[in-house]
Amino acid sequence: MSNINQFGGMPAPRPSEVKLAQWLQNILYTPPRAPTEGPKPRKAWSDSRLESQLEMVMGSDYHLRFYQQLPDFIEALLKNEPGVTLRYASLLYHLAGCEECHQGYLELYDALSFALAPQETQIILTREPGTNTPPRMVGHLCRVLISQAEAVLKQARREHRDEVEAARSLLQLALRFSSRIQQSAIRRQATQDLVRVATLFSGPTAPASEDADTGVYKYTPMLATPGGVRGRKTVRHTELLGRPRDQVPSLISLQSRGLEGSIEQQGEMLELRLQGLGPELRGKHLLVTIPLGSLLEPVSWQGGNPLAIRSEEPVDAQGSLIMTLGTTSLRLSDPEEHNLLETLFLLLEVRQAE
Amino acid sequence: MPFTAHDLRYHPEQSFPVLYAYLQRNAQRFLGALQYDAIEVDTVVGHVIEQLVRLGLFGGGDTTAETVFDRMTDAQFYAFLSRMVHNKAIDRQRKRRLRVQPTAELEYFQGDEGDESPLDEAVEPVWGAAPFSTPEEITVHLASQLELRDLLKHCIVVLRAAPLQLNAVVQELRDIGADELLEDIFVELNMEPPAATQNPHLSQHKDHAHRKLRHCLQQKSTNLTVIVALRLIECMASQKKECQISTEQLVGDDLSFDDVKIGLRELAAEGLLDWQEEETVHLTASQAKRLTRFYREE
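Line by line, the protein sequences give chains A and B.
In terms of full-length UniProt numbering, the first sequence has 238 at position 238, counting the first letter as 1, and numbering is strictly consecutive.
In terms of full-length UniProt numbering, the second sequence has 105 at position 105, counting the first letter as 1, and numbering is strictly consecutive.
Isolated chain B (complex conformation) (with noise of 0.2 Å):
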């Protein structure tokens, strides 16, 4: 019988001999030589098999979100699998020819193999390279694009609880030119600039900074902050001074209610705004025009 993603999700029990027996014959077909070695065939079924339950769909019921797997077509979903042994597979056979191996050994790899090795076929897809490939390619993005350096913004703007971690924080962005970034941030804070200081501490202050830093931004509630904050801006463009917005209004395909409600409440934390789980949303003209250059102008 056929399986398809909703039966790994629903039936595991039942699908599983048969995922089983689907991944084992695409190992064997990309594994090469090493196809006769139960061991590698296994460890990549095996391999492909965590995936599926790592990411919630195998075993997951109703428990896990559903995801793309739950709306693919079944031949795309073969095809994913597939994919996922043919890769292993290929992963499999590097590590396998890195390893020092005697002579007899490597004759076996190269011997009988003929133009078939899939080895020659781990070229680059025809789709391209992914994006975000790399950590560096990430954060030039982060760094470059000025509604996920909102998130930054806030993020620093938090540490305000912390003087000496803001300060240790402000030092470095001063060191690397980050000045519009500081200058919202000081706007913002309604500070002025520190002067540079030899704190003793100060790679202690930035250590625990850092750690702050990297909690927050990668927060949900961060993320919905700014989703909100930003989504509050447009509905503010066709209204003048005082405004008034339905939270119903903020609510979109990739904001739900209460996705709204955390962003909301957080801005009203942060002082941004005046919300105590209203229906709607009132911003005086002070507070559009500060929500407006924090997270919009540059």
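In isolation and in its complexed conformation, chain A is listed as follows (with noise of 0.2 Å):
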């Protein structure tokens, strides 16, 4: 591979296209977007909340579509491949005015053409990973994948594509990566965009607002800790809140606006218990939506639907309910798989039945 490459040999410019060069510049330059998304915890170094988050460097809303050019086109410049500019020509208008796009560029040409240069040393790479990867990775690894989901949504509406499934396969994973975190409070960090991504643009099965007049009840996990479950007014502290594998609870805690309930499990089914049901639910029966039952395939879903799982029974008198959610091979007393059940129920949505 050359390492002289065809732009560096180029004739001066003429006045004229120097005073273009410098309109096109005003005409494309776009300022910096403000960070949109997620708590961004590095103000300072010192910070103590760095110890369970890092910072991502661009959000869901970078411009993917000529992000993902980038490597191809370093590569094409690196080879002097001939039409390199104008076959990657909109890639290099957009460059022009996108500060943080040129500024990948520049990473990216640096070690592509360090990796693609002929080397001297050869590089060498034990076999053994050595250390555990620390959780606020898998956290950080959790949060880059939901944001590119989000990406990857936000891209294919902006250009009328249909592109559900990459976006579907990118959640799956950071589910599965989220199991493998055992501290409570990380791992719900890590998944806290987890719904709201799963549920964008998803028209009128998004669940419906926060709101008690709605008469949806929205329950959540609550975390769980060595000393079983806390109460939401419990101080926690991230060190406290790891599992450890001989103490995981064979049920998920529920909790909404006051009202508790759990998901237990009896040999492969999934049972949802409630207690303490409002006077205007008794007697009716319920529907339950869990937004993220469709990225999970191990649970079979009672009737079919994760966002309408109606209950056998009606509401006793009591105002409890037990009812089938639906079957899986996994188990909640295994503590990785107790993870992946425990960030599917992220939220569970219970309603009057129509």
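If you're looking for bench data, these hints aren't it; they were derived computationally from the structure.
Everything numeric in this text was worked out from a predicted model, so none of it was measured.
For each residue, glycine too, the CB sits at the ideal point set by N, CA and C.
Honestly, I wouldn't trust all of these hints.
[Said to hold, decoys possible] With the C-beta cut set under 7 Å, the calculated list includes, among others, these residues of chain A facing chain B:
1) L92
2) A111
3) S294
Mind assembling these two chains? They're in different frames, but the hints should get you there.
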């Protein structure tokens, strides 16, 4: 591969071209976007939150279509391929005005130049991983995957294309990685955008707004601690939230506006148990919506649709209900599978069936 | 177990721990005195992992297109990762040095490193500086290359649907002396150069025009239109007067059949040729002349 590229030896531009270039720069420049998503904890390097969460460099609004062209564009530049700037003209027009993508271009150009140049020294790769991957790094990966899924969906919407499967695949990957995080608080941070992105652009099936008047009870899992499950007012510390492998609760505790419930397992069957439901629901059948339900294939949902699971029985006179959600080969007693199911039930909505 | 780019694409769960371990070792190596700061190490590693996801490699499976990473040898891919880590590590060290530090901490940085500070290695690489290293360099290239300027001409002509915006741009181009470009545009639009006027809403029209131009210039279809037009001109060179060109003839290594169809549709929509998804493109002599004049002649 040549180290000299064709763009270094260009003739000096004419004055009219320089003026046109300045005009182009003016019209192409787009100011950097303000951050629009997720908490960005990196205000100062001493920030203690960093112990559990790393900053993402790009948000889901990054220019995916252009950014993913960069590696091949750079390879073509390095190979001095004829017609490269015409082939990538749209990208060049974009790079002239977008600081974020231009910065990415420079970073990738340097790394790819280094990689594709003949190496004098051999890179040695030792075979054993050596260390365990810290939970904050797995959490970071989950957040990046979820953000990427959002970027894919937004891009597809702009270009009127269907990329649901690509986004779904990224969300499933994030879900599976999150199950490796034993600390509930870190796992919760890592998956905090999962429901929002999974229901992005899903239209009428998106979860209803958080409003007591809508008659929708939104249940979320309670954080698990070594001493069991704690109420939402309990002050928790990240380090205390690790769940030893021998103390895995075989249920998922849920809460919603002062109400409590749980998901328990009987053989392969997942049961939802609710208590203290209001008088308006007593004697009525309920409809349960699990927005993330379709992400996890090992669960076979009652009725086939996780967005509309109807209770077999009505709520009893004491405001209690036990209903089947579905069946799965996953085990609540297994730490990773418990985590997987807990994340799957990040949001569970309950309302009166029509 | 070693990992490959293929593993990261198709087996991300199995390869992540090994990827992390490789990046972590490199980060510790390049971070100098910061190698003992676990947050700094993970910040560097996390940056590279984010890039691999954003570029569509990590966990991309078959949903993202193959890129240079999929064609690299394993050694090249490891070298790429290592260099990414190296650059981010230097970036972190620079940021740490720039912060106001107490004297003791400055000594911590300057004390035991000897001659091995990675910052000292941050010199221009042997393969030279990157082309297009500044936005200015890019726009000079865009303005001085005939074929790239064709995209601009094309997008300015598209503005004809909004005459006030077109006039605002024409006025700007006239002010900067882009006469050749304007001449082509006037011929294409079959219009007389508009007289300079003082429109009270000129600034607003300019803003709207700039937004449309920015969008048009970055559209894939714009690029394909120009590429297909240039390929038609090449094909026409071997024929006289009226010509017929098969759409298959326009397909090339860098231009798929779908790309050709997008470009042809745009050219037909602009009235530069008559084409309705046929297998052959028919060009009359006047259409051929007009196409050549706009996209090739200077």
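For each hint, the structure was consulted:
no., hint, verdict
1, L92, "holds (6 Å)"
2, A111, "holds (4 Å)"
3, S294, "violated (17 Å)"
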